Each structure stands twice: as structure tokens, then as C-alpha cells.
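Colleague: Sequence:
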Amino acid sequence: MDFLLVTSSPRQPAAHRRLLDLVVFNQGVDEEREYQLRSKWNRLLGETRKAIATGKIDLSHKPDLEKLVDTLLAAVGSEAIVAMSSTYAQGDMLATCIVETVDRAHELLCGGVDPATALSSFSGDRAVRIMSIHKSKGLEFDTVFMLGVEEETFWGKQADERSAFFVGISRAKLRLFLTVCEERSRPAGAGRWTVARRPHEEFLSYV
8 MDFLLVTSSP
18 RQPAAHRRLL
28 DLVVFNQGVD
38 EEREYQLRSK
48 WNRLLGETRK
58 AIATGKIDLS
68 HKPDLEKLVD
78 TLLAAVGSEA
88 IVAMSSTYAQ
98 GDMLATCIVE
108 TVDRAHELLC
118 GGVDPATALS
128 SFSGDRAVRI
138 MSIHKSKGLE
148 FDTVFMLGVE
158 EETFWGKQAD
168 ERSAFFVGIS
178 RAKLRLFLTV
188 CEERSRPAGA
198 GRWTVARRPH
208 EEFLSYV
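Everything in the sequence shown is counted per the working numbering, starting at 8 for the first residue and increasing by one.
Hints are computed from structural coordinates only; laboratory data are not their basis. Please read these numbers as outputs of a predicted model, since none were measured by experiment. One should not assume that every hint holds.
Have a look at the derived ranges for each label pair, beta carbon to beta carbon [claimed, not checked]:
#	residue 1	residue 2	range
1	Leu211	Met100	33 to 41 Å
2	Asp99	Glu38	52 to 60 Å
3	Glu189	Ser212	15 to 23 Å
4	Arg136	Ala197	35 to 43 Å
5	Ser139	Ala90	37 to 45 Å
6	Arg169	Arg18	34 to 42 Å
7	Glu189	Asp65	55 to 63 Å
Straight-line alpha carbon distances no greater than 20 Å define the calculated DMTMM-like cross-link-like pairs of lysine to aspartate or glutamate that follow [claimed, not checked]:
#	residue 1	residue 2
8	Lys74	Asp9
9	Lys142	Asp167
10	Lys63	Glu73
11	Lys144	Asp71
12	Lys57	Asp71
13	Lys180	Asp149
14	Lys57	Asp121
15	Lys164	Glu209
From the three backbone atoms N, C-alpha and C, an ideal C-beta is built for every residue, glycine too.
When you get a sec, could you build the whole thing from the sequences and use the hints?
Modeller: Quick look at the structure:
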């Protein structure tokens with residue numbers, strides 16, 4: 008979706024930054040190789056933008072979208088995408104996600120809406136993403152809210168909980184918010200649960 012955004016719409020800094028991180032800066036190469044990767048990537052973007060602008064690629068045409076996905080996979084490598092989430096390595100999960108993404112992109116782009124508006128709604132740039140600390144591993148966000156930094160939330164083996172806490176707070180690039188409260192009502196069907204809550208002083212002190 009980021010690739011479709013930056014090739015079809017001007018001024019998409021967030022999407023462009025994520026793509027550069029994936030194809031250039033996260034490769035662990037030296038400065039010269041990094042320059043080569045970036046030059047190659049910029050050429051691909053330029054050629055794709057020109058093809059879309061001149062009508063050689065029609066974003067509302069599903070086979071054209073599938074061709075663009077193949078182009079992206081060839082440039083990035085499926086290994087880099089699988090590395091973003093262990094879920095993608097399970098069976099045909101990656102292929103299934105690609106098919107579903109292309110289907111959804113086709114549905115959005117066939118509605119006659121501006122591509123930037125349609126694709127941004129899918130990519131979640133303007134959405135709030137809710138996930139566990141485990142699911143957030145490897146991701147980064149400008150703003151992160153971590154809920155319930157309390158003794159009763161991080162009650163397992165302290166070394167493991169400390170590691171999980173640091174994974175959570177290190178997802179934030181610009182702003183980090185932590186919350187605590189005095190009581191949390193017991194959810195229906197909950198097993199172990201303590202209504203009265205205490206701030207986790209150690210974890211809060213690190214911040």
C-alpha cells in the first residue's frame with residue numbers, strides 16, 4: 008500500500024520513509040552499497056510514477072495492480088517482507104495476505120476516489136492501531152500509548168516483564184504516553200484479576 012501511495016500521489020513522507028527503511032536503511036550495508044540501493048530504488052519509483060501518470064499502468068485495473076506487486080516483491084525480496092512478521096512465514100500466509108491486499112486495493116481504487124485518499128484509508132496512516140506488546144515488536148510509531156503500567160499488569164517473571172516493557176516503550180519515535188489507574192473492573196469471564204491497581208514504580212522510573 009505504501010508503494011502504491013508514493014507512486015500515485017505526491018507528498019507521502021510517512022509512506023516513503025517506511026519504504027526507504029525497508030529497502031535501504033535496514034539492510035545493514037556500508038555507505039556505498041546504501042547509496043547504490045537508494046539510487047536503484049529511486050529509479051524504480053520514477054519509472055513507476057511515469058507509467059501511472061501516462062496511463063500505461065491503470066490502478067483501477069486489477070492485473071496492473073498485481074503486476075505492481077510483482078515489481079515490488081522483485082525489488083524488495085520476499086525474505087525482507089517475511090522478516091517483518093513471523094506470521095508471514097507460516098504456510099501460504101504471505102501469499103494469502105498479498106491476494107487479499109490486492110483485492111482490497113482494487114475495491115478502493117475502483118470507486119473513483121482520489122488514490123491518496125483511498126489508499127491512506129487502508130494503510131492506517133490516520134488510524135489508531137491497537138495491539139499487544141508482542142505484536143508491536145519490530146514496528147515503530149510517532150506516538151505510542153502504553154496502557155496499564157501497573158504491578159498487576161506486569162506480574163510475571165520480572166526479567167521477562169522488564170524486557171517486554173522496554174519493547175513496548177521503544178516503539179515510540181516522538182511521543183510516549185503511559186497510563187495507570189487505581190481500579191480496573193473485572194472483565195466477564197476473566198480468570199486471574201485484581202481490581203485494585205498500583206503503579207509499577209520501577210518501570211515508570213525508567214521513563
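Colleague: All hints, please: hold or fail.
Modeller: Right, here's what the structure says about each hint:
1. Between Leu211 and Met100 the C-beta distance comes to about 37 Å, which sits within the given range of 33 to 41 Å.
2. The hint said 52 to 60 Å for the Cβ distance between Asp99 and Glu38, and at roughly 38 Å that hint is violated.
3. Evaluation of the 15 to 23 Å hint for Glu189 and Ser212 yields a pass: the beta carbon distance comes to about 19 Å.
4. For the pair Arg136 and Ala197, the supplied restraint of 35 to 43 Å is violated, since their beta-carbon distance comes to about 24 Å.
5. Checked against the given bound of 37 to 45 Å, the beta carbons of Ser139 and Ala90, roughly 20 Å apart, lie outside it.
6. The beta-carbon spacing between Arg169 and Arg18, approximately 41 Å, falls within the hinted interval of 34 to 42 Å.
7. Checked against the hint of 55 to 63 Å, the pair Glu189 and Asp65 passes, with Cβ atoms roughly 57 Å apart.
8. Between the alpha carbons of Lys74 and Asp9 the distance comes to roughly 15 Å, so the proposed pair stays at or under 20 Å and holds.
9. With a C-alpha separation of about 16 Å, the suggested pair Lys142 and Asp167 falls inside the 20 Å cut-off, and the hint holds.
10. Only pairs whose Cα atoms come within 20 Å are accepted, and Lys63 paired with Glu73 is accepted, the gap being roughly 14 Å.
11. Of the supplied pair hints, the one linking Lys144 and Asp71 is violated, its CA atoms being roughly 33 Å apart against a limit of 20 Å.
12. Restraint check: the Cα-Cα separation between Lys57 and Asp71 comes to about 14 Å, which is no more than 20 Å; the hinted pair holds.
13. For the suggested pair Lys180 and Asp149, the alpha carbons sit about 5 Å apart, so the restraint of at most 20 Å is met.
14. Restraint check for Lys57 and Asp121: satisfied, since their Cα atoms lie roughly 17 Å apart, inside the 20 Å limit.
15. With a C-alpha separation of about 14 Å, the suggested pair Lys164 and Glu209 falls inside the 20 Å cut-off, and the hint holds.
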